[in-house]
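S.K.: Once you have looked at the hints, place chain A on chain P.
This is what each chain is made of:
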Amino acid sequence: MNNPPVEKPTLFANIINSLRGFFLVKNAGWQVAGSSRRRWVDYAFMAAFVILLLVAASMSDVFFTQRNISNILRQIVTNGLISLGMLVVILTGGIDLSVGPVVAFADIVVSGMIQNENLPLPVAVLIALAVGGLAGAFNGFMISRFKLQPFIVTLATLGAIRGLVYVYSETPITPQDPSFRTIFGSPLLGPFTLSVLIMLVAFWLGSLFLNRTTAGRAILAIGGNEEAVRLAGINVRQHILLAYIISGLCAATAGVLLASRLGIAQPSVGAGFELDAIAACVIGGAVLGGGGGSVIGTFGGVIILGLIDNLLNLFNVQAYYQQIFKGLIILFAVLARRKEK
Amino acid sequence: MEDTDFLVMRGIRKSFDSTQALKGVDFRARLGEVHAIVGENGAGKSTLMKILAGALPRDSGEILIDGEPVLINSPDSAHRLGIRAVYQEFSLVPHLSIAENILMGQIPTGRVKWWVDWKRVNESAEEKLAEIGFTGLDVRSQVSRLSVSYQQMVEIAKAAVTKPRIWILDEPSAVLSQEELNRLFDLIQKLKQESTLILYISHRLDEVFEVADRITVLKDGELMGTVRPEEADENQLIKMMVGRTLGEFYPSRQRQPGEDILVVENISHKGTFEDISFALARGEILGVFGLVGSGRSQVAKCIFGADLITSGQIRLGENILRLKSPHDAVQAGIALLTEDRKRDGLVMSCSICDNGSLATMDLVSRWSILDIRHRDARVQGKVQELNIHPPQINRLVQQLSGGNQQKVVLAKWLLAEAKVLILDEPTRGVDIATKVEIYHIISDLAERGVGILLISSELPEILGMSDRVLVMRQGHLVGEFPRAQASEESLLACAAGVIQ
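These protein sequence lines map, in sequence, to chains P and A.
Taking my numbering, the leading residue of the first sequence gets 11, the next gets one more, and so forth.
Taking my numbering, the leading residue of the second sequence gets 2, the next gets one more, and so forth.
Each hint should be verified, as a subset may be incorrect.
To be verified - Going by beta-carbon spacing under 7 Å, a handful of chain A positions derived as facing chain P:
no., residue
1, A307
2, H328
3, V331
4, G346
5, S350
6, C351
7, D355
8, L359
9, A360
10, M362
Note that these hints are calculated values from the structure, not bench results.
Glycine is no exception: its CB is placed at the ideal position from the N, C-alpha and C atoms.
Okay, chain P solo, but in the shape it has when bound:
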């Protein structure tokens, strides 16, 4: 067997390679799985995006103001981060229904740590993230160790974690520390706030993770055929656990940034967030049950959902109609991507 000699690359060379590949190699970074070529639906969704923008531009004079753009960006941060974690879980063939309460938990814990415990901001944030990571680890442990269905496990923790949130605080917490709001929320570059930059970096890291690390490739393959991955000598349990931890961390990050944006932590926040995240993944081409999905697609899904919310708001459409409209978009997305057979 004349394999090229196995030579371990240095970490530095590796990172440089990864970065270069990310920017230069075509398709790298964005194409994850499911399709090696772009299909017409991918163009259709780009077209939908452009059409949304054109409609907005022609009908609303507020849309292209910096203030509105900035608003949209800040608003999609929450769903963006949750969707990214959700994508990783969906790629393993699972689902994480518990993200909403995890957002609320991180949201209220970070506020509580700042307001009630007087902890410095970085420590408070770390504690909130740890809480989210633990919640994810619990989900992942139950699912991978006992081979339970992800839907059921996260349905159970969806209720249980919400309960924990109320145990922690029944009433809203308002952190008085003004720097908590300004550090994430004040503009850094044009309409980009630190929170928006954090989301963009998270997507970039997510893409690197899925394309450039052994764990990322393993996670992707597990969703396609778990048994084949196990028989290739890969520890499947460990990777499923990792996927849910990532989802928990992403949701917790979203919770921290949400607390900062709203300035008040409500224990009831985050109801239905899991549905928006699943919707963003599906619109972006992810296959529930595993076997396909991409970071760029999910990002597109997040933006499309955010734009729809924003436009319908600008045109003063009632929230109920917004929900109907979103539902139709999701149905259209799955119909368009349905495999002909």
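M.R.: Here is chain A on its own, set in the frame of chain P:
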């Protein structure tokens, strides 16, 4: 004579991808006979029966029942003609009761059409079972709680209670105990007297001679002839099933096996195999032959750590292996190519590159960050070496042909540079040209000192490739043949339990 034949299948042809499973078979059978169909694996027996039962469409040919051409294009249309089949795979709904399974589709209701009358369901199921002589079953028990052999009996009963005119039994005895087998034979005699045509497929020749009125032999998709049991003995039958010459198909061998690399001592896995011992040398191709259900794939899975042995010991070189997962086996230098690549060999939604590097990602990464270019180069190298088409590593494997998919699985394990390579049916569902290529790859590996365990149900493959052959039957190692003494007849007789 022709006019008396109840069932006539004329010029039946069927291809899967590039392989011809049936090459124009003319088959005839009469009412009130038990007609056995025998042949090696891949001879086309099951395919022919599935076409008759409407489970597979045929490419060409016609089917006549009672002299009339009939249209069979679905299991449902076959049912309406009174054709019922019992396959090796179960068709029962596990979490429903025996009664519901037996009456599936015709559950008795009360006066209100959609209200199930449970009392009548159970009574009528019991009645129907009694008619075919199956008593003493609690029809209310859930099918999944029954043992596999009982499930098979329910499966058989489910078809029998419909009083079929043509009753197809595809390897019904594989999971039955002797007592249940006798019950089945009683039932066959009963239905035969009610002038049913019974088509009986089996690997077990002793069974065939016991039950059949006539025996038809298929080989490589062609009908070799029909004989009466009193006209022929088992050896003649085996000759008809085999009768083929081995050509230049297989690479010539000049290698000398080296010292033992894999030593298996008295390993058992509860319920599937018992007390298996053998040794595999460096550079040796050790064939393992056995019929379906002989436990050969389970042995492979246990040596690979995908299943855990319940007793015994596996040694690789000097080291005793304690395998808890495939991960341990891969680390130790053992690779397993599984028998069903779609089920557990490939991730169909991923690329050639992902699949090819799946077992060796550790070699092309540091701190779990992949060196993409290194990985791609290694996979690209194997793609060229194995002549995988198209040679584009970003192609998804689901877009490749069966032969090329199999080569991707091979590439995955070649890249792992295993010391012991277990190949479970490495050429299943692969076209002839690719088969020959795979044989040469296997042979090359052996020349380089890899120990190869070749599991196959294709006798020519076993004989053409192996230095030594082990034979398994019903979970036991029942024979070992040096190449010089192995022949298709001797192996098949040994595997089927016929004493020569």
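S.K.: Each hint needs a verdict: does it hold in this structure or not?
M.R.: Structure-based check of each hint:
{"no.": "1", "hint": "A307", "verdict": "holds (6 Å)"}
{"no.": "2", "hint": "H328", "verdict": "holds (5 Å)"}
{"no.": "3", "hint": "V331", "verdict": "holds (3 Å)"}
{"no.": "4", "hint": "G346", "verdict": "holds (6 Å)"}
{"no.": "5", "hint": "S350", "verdict": "holds (4 Å)"}
{"no.": "6", "hint": "C351", "verdict": "holds (5 Å)"}
{"no.": "7", "hint": "D355", "verdict": "holds (6 Å)"}
{"no.": "8", "hint": "L359", "verdict": "holds (4 Å)"}
{"no.": "9", "hint": "A360", "verdict": "holds (4 Å)"}
{"no.": "10", "hint": "M362", "verdict": "holds (4 Å)"}
No hint from the list above goes unmet by this structure.
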